[in-house]
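With these hints in hand, go ahead and build the complete structure from the sequences.
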Amino acid sequence: MIGEFSDMDNKILSAQVNMDDFIPATAEEKEYMVQMRPSSTFFKDSIKRLLKNKVATACFFIILLITLAAIFIPMVWPYSYEQALGVRPGKPVDNTYNDLAPFEYSKSEMKKIDAGEKVVPHIFGTDSQGRDYFIRVVYGTRISLAVGFFASIIVLVIGLTIGAIAGYAGGKVDLIIMRIVDIIYSLPDMLMVILLSSVLKVALEGKLEETVFSKIGSNIISLFIVFGVLYWVSMARLIRGQILSLREQEYVLASQAAGAKGKWIILKHLLPNCFSVIIISTALQIPSAIFTESFLSFLGLGVNAPMPSLGSLASDALNGINSFPYRMIFPALVISLIVLSLNLFGDGLRDAFDPKLDT
Amino acid sequence: MNGYILMTIIYFITRQVGETMNTKTLMYILKRILLAIVTIWVVITVTFFVMHAVPGGPFTSEKAVTESVEAAMEAKYGLDKPLHVQYLTYLKDIVTKFDFGPSLKQRGRTVNQIIADGMKTSVKIGVIAAFIALIFGVVFGAIAALRRNKFVDRIIMIITTAFVSMPSFIMGSFLLIIFANHLKILPANGAAKNGLILPIITLSLYPMAYITRLTRSSMLEVLGQDYIRTAKAKGVSGMKIIFGHALKNSLIPVITYFGPMLAYIVTGSIVVEQVFAVSGIGRSFVNSITGRDYPLVMGTTIVLATLIVIMNLVGDILYKIVDPRITLE
Numbered sequence: 001m002i003g004e005f006s007d008m009d010n011k012i013l014s015a016q017v018n019m020d021d022f023i024p025a026t027a028e029e030k031e032y033m034v035q036m037r038p039s040s041t042f043f044k045d046s047i048k049r050l051l052k053n054k055v056a057t058a059c060f061f062i063i064l065l066i067t068l069a070a071i072f073i074p075m076v077w078p079y080s081y082e083q084a085l086g087v088r089p090g091k092p093v094d095n096t097y098n099d100l101a102p103f104e105y106s107k108s109e110m111k112k113i114d115a116g117e118k119v120v121p122h123i124f125g126t127d128s129q130g131r132d133y134f135i136r137v138v139y140g141t142r143i144s145l146a147v148g149f150f151a152s153i154i155v156l157v158i159g160l161t162i163g164a165i166a167g168y169a170g171g172k173v174d175l176i177i178m179r180i181v182d183i184i185y186s187l188p189d190m191l192m193v194i195l196l197s198s199v200l201k202v203a204l205e206g207k208l209e210e211t212v213f214s215k216i217g218s219n220i221i222s223l224f225i226v227f228g229v230l231y232w233v234s235m236a237r238l239i240r241g242q243i244l245s246l247r248e249q250e251y252v253l254a255s256q257a258a259g260a261k262g263k264w265i266i267l268k269h270l271l272p273n274c275f276s277v278i279i280i281s282t283a284l285q286i287p288s289a290i291f292t293e294s295f296l297s298f299l300g301l302g303v304n305a306p307m308p309s310l311g312s313l314a315s316d317a318l319n320g321i322n323s324f325p326y327r328m329i330f331p332a333l334v335i336s337l338i339v340l341s342l343n344l345f346g347d348g349l350r351d352a353f354d355p356k357l358d359t
Numbered sequence: 001m002n003g004y005i006l007m008t009i010i011y012f013i014t015r016q017v018g019e020t021m022n023t024k025t026l027m028y029i030l031k032r033i034l035l036a037i038v039t040i041w042v043v044i045t046v047t048f049f050v051m052h053a054v055p056g057g058p059f060t061s062e063k064a065v066t067e068s069v070e071a072a073m074e075a076k077y078g079l080d081k082p083l084h085v086q087y088l089t090y091l092k093d094i095v096t097k098f099d100f101g102p103s104l105k106q107r108g109r110t111v112n113q114i115i116a117d118g119m120k121t122s123v124k125i126g127v128i129a130a131f132i133a134l135i136f137g138v139v140f141g142a143i144a145a146l147r148r149n150k151f152v153d154r155i156i157m158i159i160t161t162a163f164v165s166m167p168s169f170i171m172g173s174f175l176l177i178i179f180a181n182h183l184k185i186l187p188a189n190g191a192a193k194n195g196l197i198l199p200i201i202t203l204s205l206y207p208m209a210y211i212t213r214l215t216r217s218s219m220l221e222v223l224g225q226d227y228i229r230t231a232k233a234k235g236v237s238g239m240k241i242i243f244g245h246a247l248k249n250s251l252i253p254v255i256t257y258f259g260p261m262l263a264y265i266v267t268g269s270i271v272v273e274q275v276f277a278v279s280g281i282g283r284s285f286v287n288s289i290t291g292r293d294y295p296l297v298m299g300t301t302i303v304l305a306t307l308i309v310i311m312n313l314v315g316d317i318l319y320k321i322v323d324p325r326i327t328l329e
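Heads up: the sequence lines are chains U and F, in that order.
Okay, so the first sequence: first residue is 1 according to this note's numbering, each after it adds one.
Okay, so the second sequence: first residue is 1 according to this note's numbering, each after it adds one.
No wet-lab data here; the hints were simulated from the structure.
Just so it is clear, CB atoms sit at the ideal spot from N, CA and C, and this is done for glycine as well.
Incorrect hints may have been included.
Restraint ranges, calculated between C-beta atoms of paired labels, are given here [said to hold, decoys possible]:
hint, chain 1, residue 1, chain 2, residue 2, range
1, F, Ala53, U, Phe42, 20 to 30 Å
2, U, Ile176, F, Phe98, 31 to 41 Å
3, F, Ile155, U, Ile183, 37 to 47 Å
Part of the chain U face toward chain F, derived, beta carbon under 8 Å [unchecked claim]:
hint, residue
4, Phe43
5, Ile63
6, Leu65
7, Asn343
Quick look at the structure:
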């Protein structure tokens with residue numbers, strides 16, 4: 001080696017190399033080389049990129065606002081989603097509560113106001129049974145968001161497990177799983193969803209009573225089952241593709257050489273590296289689940305009455321669309337806003353977490 | 001005119017087939033056809049067994065049916081036989097005669113007749129909507145790509161984003177409120193004169209927005225390629241580059257959307273026919289579900305699913321044939 005210290009005595013070689021370059025650095029010089037900013041992780045980088053995207057950030061806050069409103073407003077609002085305001089025990093039904101336009105009051109409420117009492121206005125009016133429409137929309141939002149969220153989680157868990165197994169195991173296991181995925185993938189999803197939920201609705205009715213699920217309702221459970229059965233395939237495909245490319249990496253080989261078993265490698269090496277793909281497709285799954293739920297609710301296969309969802313509210317509003325168009329407009333606007341924000345936020349996430357993807 | 005267009009399309013396809021057909025492509029096509037057949041079989045099987053797993057027979061909801069009458073009814077429709085026999089008969093009837101049996105609730109009519117009746121209106125709506133979506137989608141997409149990041153592009157992108165985020169029943173209801181209730185220029189009922197215009201528009205908006213975005217991005221990609229630069233360098237005019245050079249290649253991804261578009265239109269029509277009270281196959285499907293007319297539910301599901309699977313198949317095969325660069329798995 002040229003310039004090695006053992007060659008110091010060799011005049012010819014020392015003439016070729018400037019030996020000053022090899023003097024150990026002083027403390028000051030070391031100080032100069034120290035990185036001034038703390039090293040950034042992939043996650044932090046991505047968040048930073050995400051925050052730079054104004055549309056995605058705005059959408060995130062819209063979603064946050066809607067979610068918080070959907071969670072907390074029902075707690076403080078004086079009316080409940082199922083309470084027909086005109087119906088009071090021991091008194092004749094007060095029909096003046098029914099079909100109020102936004103910010104109108106019933107007769108008894110007018111009296112209260114005249115007497116100086118404060119009455120919380122019906123911001124969106126009331127429906128034909130005298131239920132406060134605002135709280136129904138808020139509650140419907142809560143249901144729709146919850147359905148979207150949990151459906152995505154179900155899809156994520158099932159798709160992740162099966163995809164990871166297929167990708168890591170390879171061979172016959174992979175072949176069989178992927179053929180099943182191919183077939184489910186080419187099934188017309190919406191038709192199958194309608195078919196399965198219409199049947200499950202009948203099959204589950206009555207069986208759920210006195211279980212934890214009775215409160216959620218047979219229709220939502222059947223919706224979750226349908227999602228679990230049909231929608232995991234694209235997630236599984238995605239994860240499998242990722243795992244297939246990742247398991248050829250050197251660090252996996254190194255881990256295997258060190259004696260790591262399959263479960264360890266999948267959990268510690270492969271899945272964390274699929275992280276961004278997982279986040280992105282889960283985020284984009286939520287709006288599609290909300291879409292499906294509203295679609296099914298619209299056909300009368302969604303949530304059980306009197307529980308509202310945005311889709312069922314819109315569906316109910318269709319009957320009186322001539323007289324009360326706003327009953328359609330409010331849930332429709334909320335649903336569009338949620339889906340739009342989630343889609344744009346998901347796009348932002350994809351750009352932020354997958355910088356290689358240049359679109 | 002139509003004949004000429006069809007001839008041209010067939011000519012181009014056969015020419016392309018001749019150029020790109022090799023054993024690998026053939027194997028791929030065979031594999032896809034096999035998968036499609038298996039899928040249709042799965043649909044039939046799942047539909048059959050799922051519908052037969054429903055607790056309570058189809059006649060339990062009928063009032064005042066004595067046991068002997070119920071038994072007679074079940075014997076008439078072959079429901080007294082063991083399940084696997086029923087299944088095999090059902091499968092055989094579909095495969096050999098394309099026969100879905102009689103409807104349970106609409107006495108004297110077969111499922112085939114009901115589906116054929118509904119199909120007349122639904123196919124009309126669906127085909128027109130698909131054409132509108134295709135033509136306007138491609139035109140808007142090309143315009144957006146040409147005016148990239150300019151005002152027109154922004155407007156087109158905002159509108160299409162909004163359309164993509166709106167469920168079809170909401171879109172339909174908004175159109176209903178605006179055009180039928182406020183402006184009163186179009187009827188809200190599908191049976192009225194010009195009544196199919198609103199359903200067609202509703203159905204075409206989502207695929208149109210999707211095709212616009214698809215065309216835009218693929219056009220942008222094509223415009224960045226070398227042969228376009230060569231054409232520009234040779235002094236070819238902007239219009240001629242777009243229509244003569246870029247458009248043909250940027251339409252390739254649109255072909256893959258054929259299948260999904262049909263799937264969307266089929267499911268969309270279920271909702272849209274409900275909103276506008278159009279008596280098509282989608283509406284009869286929903287009615288058959290709520291009315292528990294099992295043979296009709298099964299028949300409609302199978303027919304629509306087969307349609308979607310076949311369209312997906314055609315779209316995929318066309319895609320591989322049109323673009324020889326695409327590598328086959």
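- Query: Checked against the structure, which of the hints given earlier come out wrong?
  - Reply: 1, 4, 5 and 6
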